[in-house]
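**Student:** Below are the chains, spelled out letter by letter.
2 protein chains.
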Amino acid sequence: MRETKKELKVPAIKEGTVIDHIPSRVTFKVMRILDLREFNHTVSVAINLKSKTLGKKGIIKVSNRFLTEDEVNKIAILAPNATVNIIKNYEVKEKIKVSLPDEIHNIIKCSNPNCITNNEKVKTLFHVLNKSPLQVICHHCERVMESKDITLI
Amino acid sequence: MRETKKELKVPAIKEGTVIDHIPSRVTFKVMRILDLREFNHTVSVAINLKSKTLGKKGIIKVSNRFLTEDEVNKIAILAPNATVNIIKNYEVKEKIKVSLPDEIHNIIKCSNPNCITNNEKVKTLFHVLNKSPLQVICHHCERVMESKDITLI
Chain A
193 MRETKKELKV
203 PAIKEGTVID
213 HIPSRVTFKV
223 MRILDLREFN
233 HTVSVAINLK
243 SKTLGKKGII
253 KVSNRFLTED
263 EVNKIAILAP
273 NATVNIIKNY
283 EVKEKIKVSL
293 PDEIHNIIKC
303 SNPNCITNNE
313 KVKTLFHVLN
323 KSPLQVICHH
333 CERVMESKDI
343 TLI
Chain B
193 MRETKKELKV
203 PAIKEGTVID
213 HIPSRVTFKV
223 MRILDLREFN
233 HTVSVAINLK
243 SKTLGKKGII
253 KVSNRFLTED
263 EVNKIAILAP
273 NATVNIIKNY
283 EVKEKIKVSL
293 PDEIHNIIKC
303 SNPNCITNNE
313 KVKTLFHVLN
323 KSPLQVICHH
333 CERVMESKDI
343 TLI
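These protein sequence lines are chains A and B, in that order. Everything in the first sequence is counted per this note's numbering, starting at 193 for the first residue and increasing by one. Everything in the second sequence is counted per this note's numbering, starting at 193 for the first residue and increasing by one.
The set of hints was computed from the structure by calculation and includes no laboratory data. Nothing here was measured: the structure is a model prediction, and the numbers come from that model. Be aware that one or more of the hints could be misleading.
Identical chains share a label here; the pair holds if one copy fits it or two copies do between them.
As the list claims (entries may be wrong) - Dumping the calculated DSS-like pairs for lysine-lysine here, alpha-carbon to alpha-carbon at most 27 angstroms:
1) Lys285 to Lys221
2) Lys248 to Lys221
3) Lys323 to Lys301
4) Lys287 to Lys244
5) Lys221 to Lys323
6) Lys323 to Lys340
7) Lys287 to Lys315
8) Lys287 to Lys206
9) Lys340 to Lys206
10) Lys340 to Lys289
11) Lys242 to Lys221
With the hints as extra help, turn the sequences into a complete structure.
**Tutor:** Right, here's the structure in full:
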C-alpha cells in the first residue's frame, strides 16, 4: 500500500492561496493571523520542509480563500520573505511578494509593560522604522522593537 | 504553472506516521497532545478534508516519528475513530485503530471548578467509565464528564 494512495494524500487546491517561504517557526503564527483554524474549507500546513534560502520553511495552502492586501501585509510582519500564490483552476495565476505595511494596527504587543496598551483597553499601533532588519516604534510609548521582541496579541 | 509543481507540494513521507480520520475540529488539539509544533522534522496537517464517515476530517503526517502506545491512546480521547498508519519506505506497514486507555493521566481538565486539581498542584486523573459515547469520572472529585465537557490541560 503506497503512502501516496488517495485517502492519505492532501489534494492540490483548485482555487485558493498558497503561502510559501514562511520561516518554519512562525508558520502556525501566520495561521493565527489569518484565523485559519476557524476557516471551513480545506487548509493544509506543513512545517520543517527543506528550503535553500530559509533552512527550514513552512507552507500554508487554503482552498477557496483569497487574501486581502491588508492580510498579505500582515504576513510580512512575521515572514518578510513569504510569497503568496494565487491559485485559479489548479494553476498559479499570480505570485505576490509580501510587503511590510507602514503601520501595524493591533497585531503585535508592545514589549514595554508600562505602555498604555498593556494596561488599558487601548489598541496597539506601531510605525515601521526599518523594513529589513525589521524595526518598529510604538505609537504610544515610543518603545523601539526588533524582530526578536515581537509577539502577537 | 501547475500548483502541483515540486516546490508547492508536500512530499510523501518515507518513514513516519500518518494519523487519519481525525474529526476536523480537534486536529490541532491532537497536534498539541503530541507536541508536534516543536518537532524538528517535517509535519503536515490538513483540516476540512471530505470524509464519508466524519463529514470533515483532519490528517496529520509526521516524518521520522513513531508514536508510543501511550501516545496512540491519548489520541483516542479526542479522536476515537482515528487510525494511525505507520509508514516505512513510503508504504503503510501497519494500521492501528486507536483505543481509549482505562485511565487518563494529566491530559484533560476537570470541569468542576472546586476540584482539587483546579486549585492545587495536583495532576488530573480520570477513569474511563464508557468508551462510546465517552464518559469519564474524575478520580479526585468524582465529577462525571462527557466528550463535550472535555478540555485539554
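**Student:** Check each numbered hint from earlier against the structure, then list the numbers of those it violates in ascending order.
**Tutor:** 7 and 9
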